[in-house]
Amino acid sequence: MNQTTIGVIGIGRIGRMHAENLVHAVPDAAVKAVVSPRIDPAWADRLGIPVRTTNVDRILSDPEIEAVVITAPSGAHVELIKRAAAAGKHIFCEKPVAFEPGPIEQARSAAAAAGVNLQVGFNRRFDPSLLRLWQAVQAGEVGEVHSVRITNRDPKAPPVDFVKRSGGLFFDFAIHDFDTMRFLSGSEIVELFAVGAVLVDPEIGKAGDVDTAVITMRLANGALGVIDCSRQTNYGYDQRFEVFGSKGSVVVDNTTPTSVVTSSARGIVGDKPHETFVERYREAFIAELSAFVAAVRQGSPVLVGANDALAAVRVAAAAKASHETHLPVRLAEEDQRSSGGLRR
Amino acid sequence: MRTITAGVLGAGRIGRIHADNLLRMDGVRLKTIADPYVDFEGWPPPGVATSPDPAAVLEDNEIEAILVCSPTPSHADFAEAAARAGKHVFCEKPIALDADRVRATLGIVQTAGVKLQVGFNRRFDPTFSRARQAVVDGEVGDVYLVRVTARDPALPPAGYVKGSGGMFADMTIHDFDMVRYLSGCEIEEVHAYGAVLVDPAIGEAGDIDTAVLSLRLSNGGLAFIENSRQAVFGYDQRVEVLGSKGAIEADNETPARARLSTGAGVRYENPLYFFLERYQRSFFVELEAFFASIRDDREPPVGGKDGLIALLVCQAANRSLLENRPVRVEPLGPPALKRA
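Each protein sequence line maps, in turn, to chains A and B. If you want my numbering, it's the 1-based position in the first sequence plus 1050. If you want my numbering, it's the 1-based position in the second sequence plus 510.
Bound conformation, chain B alone:
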């Protein structure tokens, strides 16, 4: 297996997780991590260079692939810079909150002829991959109905909501991608009901904290999504696909499978607390897939187009919420204009 040299931009929470995964991954050499705001004391381990300057990664000829893990507003800039420098790009989601900006980035990536994978990590979760496989293998038959239940364990910190782009762009975007992934279909239309039930401050910030959305799929099937910003019992992540032959369902995962039975009842474990615990494995597998697509010169399993489509579904959902009517998802349209 050919070894690919990689660099990481951004050493926040997700950047560190990705970097640590690269250090454990066969066929990848992590050379440099750049972040202007991070004090690299005690991390990363020896052998990995650090720099406050992104150029240390972008301009290093030895580096073939770059992971963009910086704050969201800089994703598009760094993805474009990396593509222009001829590097393959793994970009955390979302590339940008504005669809035209995403289109521009995709245009630059296309011109540069590099690969772009977007961090829809849940596609690489072993449980959800198994559910998808049941659809691919025809175990459930034709897809009739998809359900995604996605609830966070606790409210984000105050102030986070304002910069998040709203619940649909911040949270539901993963669920839109999951519906597309599980069904293998496009989302044609969205209707959203939203409510502020957890925290009035979220409402004051112009956002919602609870939602149910119904979707029409391109094969004629239906889907729905249930969201909440706060499930006090833990990270609630369940999916289900009903088809012409039956259904496949993925339940929550727990830290242990122990069950306590006493006179007071039977107690099960709470779900894994949050996404870092629940989707730990997926973060590794998504990067393995990214580097394999570079090595084998294949399209990455989840690309810029998937990021753009999920964003367009978000926009339709936001509009539905505002206007209280079903909204058709804007089609992808012609290829993006190529920016010099």
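Excised from the complex, chain A in its bound form:
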């Protein structure tokens, strides 16, 4: 069987990474075209990508291209999904699909109507450590789930310009945690309480956002959850997870670039965690694209789709509302319906 031919729409930091991963690490995929206002020809040459264009239609009208990876700016995601679906292309879209449920529902409908797959870039679900944790929960190794903790902290606060257009901490940053909470617990978030603070950078506060947050929650299976977020650790990308239950707990700790430990009279020193999500989730970024391509080739459904994007955005909206009203917020009944995104 031939390789699956793919076009990548949007060649920013993430788009470049996905294109490189497809070329180097997904043998069943071939990247034929990239769309972006700015493409480094030397980079495209190195990857052997023949078509470089500023025109999306060039990709969408190419019958050879079966699937697209959408890594354009967030604001363009839904429109691009609709057009790609109408053109019969399978779609991998980076998160966030959109910041509101309505447009995500439109994207979901467009993909469903066209009979194409729509996978969403919740990369953590494909991380080997988180998968192992998920399997432990599924296999009953922790027994009944009693509480879930997610620690998500960035190494350095982003520039305020980014914060302004990012959708804010709950929509841009904690959105991964909301999906991970659903994924690890195998349950839906029923109610939450969010406290936020501006501690890292007052400019983030002036832009109307927070840089530190603790979000506690009740899950549909009766368990409790807590997510703690910070925009800045100074010691690297801090990603830790713990599921605690009636039979014990499973913990995912930080991973480090090397395992070297130096002991001296001044103390014992090891590596900091990886510096960014690119290094920390390297395997996950490859695995999510492998899974996307495999689903296209096998005609099987995606492992994480629009329903999951929808659920996460609804939780993010509830978290923002809770922070703003300073009260717990219940998610509406329709928000809690299990979305099928947990199957694997």
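By construction, these hints were calculated from the structure, which means they are not laboratory data. Here the structure is a predicted model, which is why all the values come from computation and not from measurement. Some hints could be false.
[Claimed, not checked] From the structure, some residues in chain B lie toward chain A, with a derived Cβ separation under 7 Å:
1) ALA705
2) LEU732
3) LYS755
Every residue gets a Cβ at the ideal spot worked out from N, C-alpha and C, and that includes glycine.
With the hints as your guide, set chain B onto chain A.
Here is chain B on its own, set in the frame of chain A:
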């Protein structure tokens, strides 16, 4: 170093631990242990007097300091009696479950001009002291976020829960104090989620066995606490402080540091089983600090006010659980009325 003569009220589990520690401590002479319900056969060692009558301790002019280790409902009575008798008081936590009663006791202690230390022993654990030191020394910078994970290894005996004052007053109170200790900040507001997941009988008794709480601190920082009455792998006691320069974290302590690697995987030791094992050292250090504050005429490192504040945070947490909303912690208010 001047030797201080001490007496102990209550020879239950914690009373015996404290008494044994006093017997090993320089600069302290344990003279008398009183407990009306205990048969002193085989313990304490010769040289320590025993009595079924608390007066044998309270009315002994030679005794300068008293450790109140009796059952909780009598803590306030004995602390007050000891203070009135002019003795310095070390009182196990909680002084009382009612804040007004604690205020009254603090008033009497203040009038008597004696020292009062409350048994928040975890502050004296070498690991947590080190974490606190990292904050004091500025190693983590300004405090942004504090996490306390505290899980008991096994359910308390049936019937215990009813008299315990509830999980927050019985268990989480230590964690509230730990958040205050590590951050050096006051807890301004609490929100609590609780659940009955371990044992329905606890729910039937009106209590919870699992909780997550989020807290706002007086410096603008945040904190959260995770609790469970039953971690089947052992006593789970971890803390973490994230600040502007980085984080300090304290992991569980294990009886040994051995690691077994086989084809089946790599096995580490379970945590020390429960608080007597985990906090063994802290019980000694807290008493050393108490006697040092008497000897040097300093305020004890953790006093009656800390006990009262932790209790007020508990009350806010209980209310939050009941009303499902964030609750501000009642301020300390004016000094307690002096009771004659």
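| field | Hint check against the structure, violated hint numbers in rising order | value | Violated hints: none at all, because every hint is consistent with the structure.
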